[in-house]
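> Following my numbering, the numbering of the sequence shown begins with 1 at its first residue and continues without gaps.
Bear in mind the hints are in silico, worked out from the structure with no lab data behind them.
Since the structure is predicted, the reported quantities are computational estimates derived from the model, not experimental observations.
Glycine included, C-beta positions come from ideal geometry on N, C-alpha and C.
Hints are not guaranteed to be accurate.
[Claimed, not checked] Computed spacing ranges between beta-carbons, pair by pair: (1) 16 with 245: 41 to 49 Å; (2) 272 with 212: 35 to 43 Å; (3) 277 with 3: 47 to 55 Å; (4) 58 with 172: 26 to 34 Å; (5) 248 with 34: 28 to 36 Å; (6) 201 with 271: 42 to 50 Å; (7) 131 with 201: 37 to 45 Å; (8) 18 with 231: 43 to 51 Å; (9) 131 with 253: 34 to 42 Å; (10) 18 with 131: 20 to 28 Å; (11) 43 with 112: 38 to 46 Å; (12) 3 with 223: 26 to 34 Å; (13) 248 with 111: 14 to 22 Å.
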Amino acid sequence: MANHPGFGILLTRLMNRRRTDVAWLASAAGIPETELRAVVSGTPPLASQLDALAPALGFHVADLYVIADVPVPAALAPREPAAGAAIVELVQIMLALPTDQRAYVHQLIDQLSLDDGERPPSPPPLVYDQHEAGSGAILANLLCLNRNLRSPTAAAKILALLTEGRVYLAASTISGIGRGRVALTADRVAGFATILGIPGGDLAAITAVELRETSGPDDPPAAEMARLLWSCRRLTTDQVECLRDEADSMLVAVPDDAPGADWNRVRHHHGRWWGAPRH
1 MANHPGFGIL
11 LTRLMNRRRT
21 DVAWLASAAG
31 IPETELRAVV
41 SGTPPLASQL
51 DALAPALGFH
61 VADLYVIADV
71 PVPAALAPRE
81 PAAGAAIVEL
91 VQIMLALPTD
101 QRAYVHQLID
111 QLSLDDGERP
121 PSPPPLVYDQ
131 HEAGSGAILA
141 NLLCLNRNLR
151 SPTAAAKILA
161 LLTEGRVYLA
171 ASTISGIGRG
181 RVALTADRVA
191 GFATILGIPG
201 GDLAAITAVE
211 LRETSGPDDP
221 PAAEMARLLW
231 SCRRLTTDQV
241 ECLRDEADSM
251 LVAVPDDAPG
261 ADWNRVRHHH
271 GRWWGAPRH
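From just these sequences and the hints, can you work out the full model?
In C-alpha cells, the structure reads:
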C-alpha cells in the first residue's frame with residue numbers, strides 16, 4: 001500500500017507541474033509566504049488556507065479538502081451523497097440529447113431551490129482511508145463521495161459513459177483502487193480526470209502516475225457532464241430523479257428504419273428504441 005504522501009508534497013508536485021513557486025502561490029492565494037512554506041514543509045493545512053489555495057490552484061474548494069485528507073465541511077459536502085443511480089441515468093440521457101435540450105436541463109438545475117436548513121445527515125466525509133491507501137483513495141473519494149455517487153457501481157458506470165468505454169472498470173476495481181489494492185495506470189488516471197473535470201496533468205502530479213504524452217483531444221460533452229456531476233452535488237436524490245424524468249420525457253421513439261449513425265439510442269422499451277437524433 002502507498003501511504004498518503006502529505007499535502008505539502010502534493011502541493012509541491014502541483015507547483016512543479018505549473019512551474020510556479022511558493023512565493024507566487026502565496027501571493028495568488030493571499031497567504032503569508034511563511035505560512036505556505038510551513039505547509040509545504042509538512043505542517044497540516046488550516047481550513048482557511050485550503051479555502052484560499054483552491055481558487056489559486058483552480059480546484060473546487062471541497063476537492064482540495066479531499067486531496068489534503070481533511071474532512072470536507074458540512075456546508076461544502078454533497079447535499080445527499082446517495083443519488084448515484086439517478087445521476088447515472090441522467091448523464092446517460094443528457095449525452096444523447098441535443099445542445100438546446102441539455103441547456104434547458106442545466107437551467108432547471110440552476111433554478112432548483114436549496115434549503116440548507118433541510119440538509120439530511122451525511123456520512124463521514126471520507127470513505128477510503130487515504131493515509132493507508134494514498135493516491136487511489138484520493139481519486140475514489142473525489143469521485144464516489146465528493147460527487148455524491150457514493151456507490152462504486154455508479155462511479156464505474158459514469159467512468160464508462162464519459163470515456164465512451166475506453167476506461168471500463170468493474171465496481172470491485174474502483175473499490176480496489178480506493179483501498180490501494182489495485183494499481184493506478186495512466187489510462188485510469190486519465191479517465192478519473194475526465195469525469196472529475198480536473199486537468200489530467202494535475203491528477204498525474206497528485207498521483208505520481210505519468211500520463212501518455214499523446215493524450216486524446218478534449219471532449220466537450222464529457223467536460224459538460226463533469227460540470228453536471230458537480231452541479232448535482234447541491235441536489236437531493238428526489239430532485240435528481242425529477243431532472244432525470246424531465247430529461248427522459250424529451251426522448252422520442254426512434255424510427256424502425258432509422259440508420260444507426262443518425263440516432264443516439266438510450267433505452268429499449270416494449271420493442272422500441274427511444275433516443276434523440278444526432279443532428
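> If a hint holds in the structure, say so; if it does not, say that too.
Hints and how they fare:
1. Our hint of 41 to 49 Å for residue 16 and residue 245 holds, since their Cβ atoms are close to 47 Å apart.
2. For the pair residue 272 and residue 212, the supplied restraint of 35 to 43 Å holds, since their beta-carbon distance comes to about 41 Å.
3. Separated by about 51 Å at the C-beta atoms, residue 277 and residue 3 satisfy the suggested range of 47 to 55 Å.
4. For residue 58 paired with residue 172, a C-beta distance near 32 Å keeps the hint of 26 to 34 Å intact.
5. At roughly 55 Å, the beta carbons of residue 248 and residue 34 sit outside the given window of 28 to 36 Å.
6. Checking the proposed 42 to 50 Å range against residue 201 and residue 271 shows it holds: the Cβ atoms sit about 47 Å from each other.
7. At about 25 Å, the CB distance of residue 131 to residue 201 disagrees with the hint of 37 to 45 Å.
8. Distance hint check: the CB atoms of residue 18 and residue 231 are about 27 Å apart, inconsistent with the given range 43 to 51 Å.
9. Against the hinted window of 34 to 42 Å, the Cβ-Cβ separation of residue 131 and residue 253 comes to about 53 Å, which falls outside the hint.
10. Distance hint check for residue 18 and residue 131: the Cβ-Cβ separation is about 26 Å, which falls inside the suggested range of 20 to 28 Å.
11. Look at residue 43 against residue 112: about 40 Å separates their beta carbons, and that is inside 38 to 46 Å.
12. The hinted window of 26 to 34 Å between residue 3 and residue 223 holds, with their beta carbons roughly 32 Å apart.
13. Checked against the hint of 14 to 22 Å, the pair residue 248 and residue 111 passes, with Cβ atoms roughly 19 Å apart.
The earlier numbered hints that this structure contradicts are 5, 7, 8, 9.
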